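Spelled out from the first residue to the last, the chains are:
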Amino acid sequence: MSKITIVVHSGEFDKIMSALIIGNGYLAMGDAVTLFFTFWGLRALMKNGLKRLPLSRMNLFGMGAWMMKRKMKRAGVAGPQRLFKDFRELGGRVIACEMTMDVMGISRSSMEHGLIDEYGAVGMFVLESRESRSTLCI
Amino acid sequence: MSKITIVVHSGEFDKIMSALIIGNGYLAMGDAVTLFFTFWGLRALMKNGLKRLPLSRMNLFGMGAWMMKRKMKRAGVAGPQRLFKDFRELGGRVIACEMTMDVMGISRSSMEHGLIDEYGAVGMFVLESRESRSTLCI
Amino acid sequence: MSKITIVVHSGEFDKIMSALIIGNGYLAMGDAVTLFFTFWGLRALMKNGLKRLPLSRMNLFGMGAWMMKRKMKRAGVAGPQRLFKDFRELGGRVIACEMTMDVMGISRSSMEHGLIDEYGAVGMFVLESRESRSTLCI
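Chains as they are written, first to last, in the working numbering: chain A, 1 to 138; chain B, 1 to 138; chain C, 1 to 138.
Accuracy of the hints is not assured; some may be wrong.
Unchecked claim - BS3-like, lysine-lysine: derived pairs with alpha carbons at most 25 Å apart:
| hint | chain 1 | residue 1 | chain 2 | residue 2 |
| --- | --- | --- | --- | --- |
| 1 | C | K71 | B | K47 |
| 2 | C | K3 | B | K3 |
| 3 | B | K85 | A | K47 |
What the hints assert, rightly or not - Reference listing, derived: stretches of chain C covered by chain B, where coverage requires no fewer than 3 residues with Cβ under 8 Å from a Cβ of chain B:
| hint | region |
| --- | --- |
| 4 | 8–19 |
| 5 | 24–38 |
Bear in mind the hints are in silico, worked out from the structure with no lab data behind them. Note that the coordinates shown come from a computational prediction; the quantities given were computed from them, not determined experimentally. Beta carbons: idealized from backbone N, C-alpha and C, even for Gly.
This is chain A alone, in the form it adopts within the complex:
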């Protein structure tokens, strides 16, 4: 099987970056990739969500999200918005978790529609995962 499913549970800048870099890596090698955004990860799919991702507390190197973004720019590493655009252009699939939206009281009008292929709950995730060679939780 040539599909990978990634659960994006966390909403931190570095976790979203990791999910997108890994997702794009698999896509570039010819795999299909589905990202299932749930719990705090859903935040990335809300209007302007990608612009406001907080950095994980684990800033071991002593820097905030702002400094990390500047360092990424200098190192020629794309930010989350560009990585997301690449992900979708390479054919990656994005599912927004409906249960999280229900619990948090988030309506579809708050979501960045251009980023999302489908809205679904755990059943849709399990179907994706069952068709996948690997399922990762980030």
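Knowing the structure of chain A, use the given hints to seat chains B and C on it.
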């Protein structure tokens, strides 16, 4: 293979919820599921552990565990105790990590026996994982 | 397939311990294991990195890294330095993420060469993962 093994390393309310919702999702689709609770995740299996799970720091939507529980209730989403009950009734298997218990000095008398199928260490986890289609870390 | 690839994204003491214990568990059962250290996980591979790993905030049992190390010693559980030594002696493979090094401005001279088999980016990770029975994210 139709088994899924999930390492539950974290003890936060949202991570335990995620593990149980995903676990129950696979069970409902006919897979076998083993949850291996280790490190902070073990907390969920201690007496009254499920009632006292702290919310992850990542409360991006600005709420505490208490508010999240209320929102879940309103949205008709079951809490961790009910999800755990469902997990076991659907045939899910629960392993408590003995190494964590040894390190933390937790005796079996502190554990909620009704939630646990077996006590085991990393060897038992690897055996479960080797029989599994997917192994997730939450 | 008998290979396991583990992404070590986090740099907390307990997450590094978990990755090494699980990795050594698979190695002991005859699997090949590759650890791909990225983002905060890379910290573990820097000079003296393993000696200075911070404990996750989730210290539910009310203890710091120091107290946990003492408890581990008493329970006869090896620390991260010994586990890492075992990992490599059992034939485990370690990749340091070059992109993280570029972003953080970390040169190879800051790294603990004795711990690292190869420096590589996401492409190398994907190749490892594609040859693996399971890919985990810790």
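Next pair to validate is C/K3 with B/K3; report whether the Cα-Cα distance is within 25 Å.
Status holds; Cα separation ~18 Å.
Between the alpha carbons of B/K85 and A/K47, is the straight-line distance 25 Å or under?
Since the Cα atoms of B/K85 and A/K47 sit roughly 37 Å apart, the hinted pair is violated (cutoff 25 Å).
Per the coverage rule (Cβ-Cβ under 8 Å, at least three residues), is the region 8–19 of chain C covered by chain B?
With 4 residues in contact (Cβ-Cβ under 8 Å with chain B), the coverage given for the region 8–19 of chain C holds.
Does the structure keep C/K71 and B/K47 at a Cα separation of 25 Å or less?
Distance of about 22 Å is within 25 Å: holds.
Residues of the region 24–38 of chain C with Cβ under 8 Å from chain B, three needed, outcome
holds (count 6)
When the structure is compared with the earlier hints, a violation turns up for hint 3 alone.
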